[in-house]
Amino acid sequence: DQQVKQNSPSLSVQEGRISILNCDYTNSMFDYFLWYKKYPAEGPTFLISISSIKDKNEDGRFTVFLNKSAKHLSLHIVPSQPGDSAVYFCAATKTSYDKVIFGPGTSLSVIP
Amino acid sequence: KAGVTQTPRYLIKTRGQQVTLSCSPISGHRSVSWYQQTPGQGLQFLFEYFSETQRNKGNFPGRFSGRQFSNSRSEMNVSTLELGDSALYLCASTIIGAPGANVLTFGAGSRLTVL
Numbered sequence: 001d002q003q004v005k006q007n008s009p010s011l012s013v014q015e016g017r018i019s020i021l022n023c024d025y026t027n028s029m030f031d032y033f034l035w036y037k038k039y040p041a042e043g044p045t046f047l048i049s050i051s052s053i054k055d056k057n058e059d060g061r062f063t064v065f066l067n068k069s070a071k072h073l074s075l076h077i078v079p080s081q082p083g084d085s086a087v088y089f090c091a092a093t094k095t096s097y098d099k100v101i102f103g104p105g106t107s108l109s110v111i112p
Numbered sequence: 113k114a115g116v117t118q119t120p121r122y123l124i125k126t127r128g129q130q131v132t133l134s135c136s137p138i139s140g141h142r143s144v145s146w147y148q149q150t151p152g153q154g155l156q157f158l159f160e161y162f163s164e165t166q167r168n169k170g171n172f173p174g175r176f177s178g179r180q181f182s183n184s185r186s187e188m189n190v191s192t193l194e195l196g197d198s199a200l201y202l203c204a205s206t207i208i209g210a211p212g213a214n215v216l217t218f219g220a221g222s223r224l225t226v227l
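Quick mapping for you: the protein sequence lines, in order, are chains A and B. With our numbering, the residue at position 29 of the first sequence is 29, and numbering never jumps. With our numbering, the residue at position 108 of the second sequence is 220, and numbering never jumps.
Everything labelled a hint here was simulated from the structure, so no lab data went into it. Values in this document were obtained by computation on a predicted structure and should not be read as measured data. The reader is advised that the hints may include incorrect statements.
Said to hold, decoys possible - If you only want the chain A side, here are some residues facing chain B, beta carbon under 10 angstroms, derived: (1) Q2; (2) Q6; (3) Y36; (4) K38; (5) E42; (6) P44; (7) F89.
Think of the CB as a built atom: it goes at the ideal place given N, C-alpha and C, for glycine as much as any other residue.
Let the sequences and hints guide you as you build the complete structure.
Take a look at the structure:
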């Protein structure tokens, strides 16, 4: 039973345009959400997070939106750059001391 | 400061053998989590250790085990290897109790190939 879903395995975007990566979750107890980016032959690196008490968090070119009623979050990257090409994982957890559950990932290609 | 260190980076084993992977967390980080990454499955949670105790466990068979030492270093072991165990095994550490406690810092992983 996959509690965190990323239904788009891949996404291609032109450089300078917006990239929107989507994530859905099934467990209403999740209260903290994170996005990680992974390059080949490297471990995932933390990108941005959001608490369930917020509906938006912004950090430079990256913005995460949370819609609790729809159990949906999205990551917006504006403007997209070729260096953003990577696999993006959505993750969720219930408490500060619980395990972090990851989605299957979305491979983003930013075309110059 | 040094990041999360995983050894070995690459290894090849044959079916039926066992393997031990090692993880040294960031200094001061007391929680270590292990994940298995396979194509299409994302990162599957194996287990998490804190203060030498397994605190969370994923849905993997008993062939997968782990432990944590007093210096927070952790090892995971897979016995009776199967072809399906071929994967990237990732270790991550985090400070417990600090803001952003769920922000895991990952190592580069150990790539296991089972022949």
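Violations among the numbered hints, reported as their numbers in ascending order: Going through the list in order, the structure violates no hint and respects every one.
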